[in-house]
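Enquirer: Sequence:
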Amino acid sequence: MTTSDVKPLQPPKGPPGAESHIFNSMVALLKRAGLEWRGNFRSVGDRIIHFLDYGEGRPVLLLHGGGAGSAVWFRQIEMLSKTRRVIAPDHPVFGLSSQTPYKSPLTDSLVTYLIDLMDDIGLDKVDIVALSMGAQAALALAIERPERVVKMVVIDSAGLGRAFPLIFRLATVPLLGRLVVRPNRWGQDNYFKTMEVVDSEFDDAPAYRQYAYDVTLSDGHAQAMRASLRVITGLGGQKQFFSDAELRSISVPTLAIWGEHDQVFPVEHGYRLARLVPGARLHVIENAAHVPLLDNPDQVNELIAGFLAEA
5 MTTSDVKPLQ
15 PPKGPPGAES
25 HIFNSMVALL
35 KRAGLEWRGN
45 FRSVGDRIIH
55 FLDYGEGRPV
65 LLLHGGGAGS
75 AVWFRQIEML
85 SKTRRVIAPD
95 HPVFGLSSQT
105 PYKSPLTDSL
115 VTYLIDLMDD
125 IGLDKVDIVA
135 LSMGAQAALA
145 LAIERPERVV
155 KMVVIDSAGL
165 GRAFPLIFRL
175 ATVPLLGRLV
185 VRPNRWGQDN
195 YFKTMEVVDS
205 EFDDAPAYRQ
215 YAYDVTLSDG
225 HAQAMRASLR
235 VITGLGGQKQ
245 FFSDAELRSI
255 SVPTLAIWGE
265 HDQVFPVEHG
275 YRLARLVPGA
285 RLHVIENAAH
295 VPLLDNPDQV
305 NELIAGFLAE
315 A
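Under our numbering, think of the first position of the sequence shown as 5, with each following residue one higher.
In short, the hints are calculated from the structure, not lab data.
Please read all numbers here as calculations on a predicted model, not as lab measurements.
Every residue, glycine too, gets a C-beta built ideally from N, C-alpha and C.
Be aware that a few hints might be false.
Said to hold, decoys possible - Ranges between beta-carbon positions, derived for each pair: (1) V177 x E40: 37 to 47 Å; (2) K35 x E205: 18 to 28 Å; (3) L221 x E40: 21 to 31 Å; (4) R285 x G165: 12 to 22 Å; (5) H25 x R285: 34 to 44 Å; (6) R36 x P178: 13 to 23 Å; (7) W190 x N291: 21 to 31 Å.
Let the hints inform the model, and build the full structure from the sequences given.
Expert: Here you go:
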């Protein structure tokens with residue numbers, strides 16, 4: 005499939021829960037980067053997955069983290085799609101994709117989903133740029149199926165230690181979970197300001213915050229998110245993270261980018277990755293938190309473009 009097969013700005017025809025408010029806020033965020041919506045829905049395993057698809061050339065797969073959805077990459081899509089084919093899926097439970105919780109063990113669930121998606125779209129091997137939980141998926145894929153990954157950029161990755169925000173660990177307790185994981189604009193905005201970014205007043209912030217909030221309103225999202233969190237974490241932190249041996253086994257060229265002020269997965273996790281993954285490089289962005297592609301999109305774009313262009 006090429007982007008010419010996709011008619012932009014058509015109402016989504018996806019799974020129950022693919023509400024128009026998410027689509028509209030996604031369109032508004034993409035427009036901030038001069039992009040029209042170009043996406044599609046595919047049946048992938050037992051899920052319906054929505055993905056954005058732009059440009060032509062060697063494919064690069066953009067994997068968002070455990071919040072909002074694929075449009076978080078709007079500034080990277082704008083840059084990369086000038087010379088590459090860019091595919092950015094909404095992972096299960098997020099964006100316009102099915103509200104199907106992840107299964108334990110998490111990395112097996114993530115790898116199965118990625119392989120099924122790549123096979124369905126017709127992607128043999130790809131470069132990957134990935135954030136947070138998406139970066140954990142990229143690392144797992146590089147460990148289990150290295151022949152499918154050319155290079156990868158991992159940004160503030162999950163899966164490198166037990167650390168996990170207390171609010172989400174508490175959400176795994178049944179009664180507390182119903183209070184913590186529910187549509188709540190104040191809670192969503194507070195998490196954005198205290199965890200995701202250093203400067204919450206950047207020009208694109210209102211459009212991004214609306215998009216992130218609208219995703220939480222999707223039918224079944226809170227229930228699927230609570231179920232997924234119980235797979236990801238417990239009161240003691242992340243249930244599954246990569247061993248030293250697993251990280252040392254990675255043969256895929258790797259660039260790690262980390263926000264110095266990340267309170268979700270501390271920068272020490274990035275240093276561990278750079279120490280153990282053969283040949284990996286780490287770039288710490290000083291004025292950034294958990295989502296440096298929002299805090300410093302130009303710097304992140306420069307790092308991504310430079311690394312992917314290397315022979």
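Enquirer: Hints first: check each against the structure and report whether it holds.
Expert: Okay, the hints, checked on the actual structure:
no.: 1; hint: V177 x E40: 37 to 47 Å; result: holds, 43 Å
no.: 2; hint: K35 x E205: 18 to 28 Å; result: holds, 20 Å
no.: 3; hint: L221 x E40: 21 to 31 Å; result: holds, 24 Å
no.: 4; hint: R285 x G165: 12 to 22 Å; result: holds, 20 Å
no.: 5; hint: H25 x R285: 34 to 44 Å; result: holds, 40 Å
no.: 6; hint: R36 x P178: 13 to 23 Å; result: violated, 39 Å
no.: 7; hint: W190 x N291: 21 to 31 Å; result: holds, 25 Å
Hint 6 from the list above is the single one not met by this structure.
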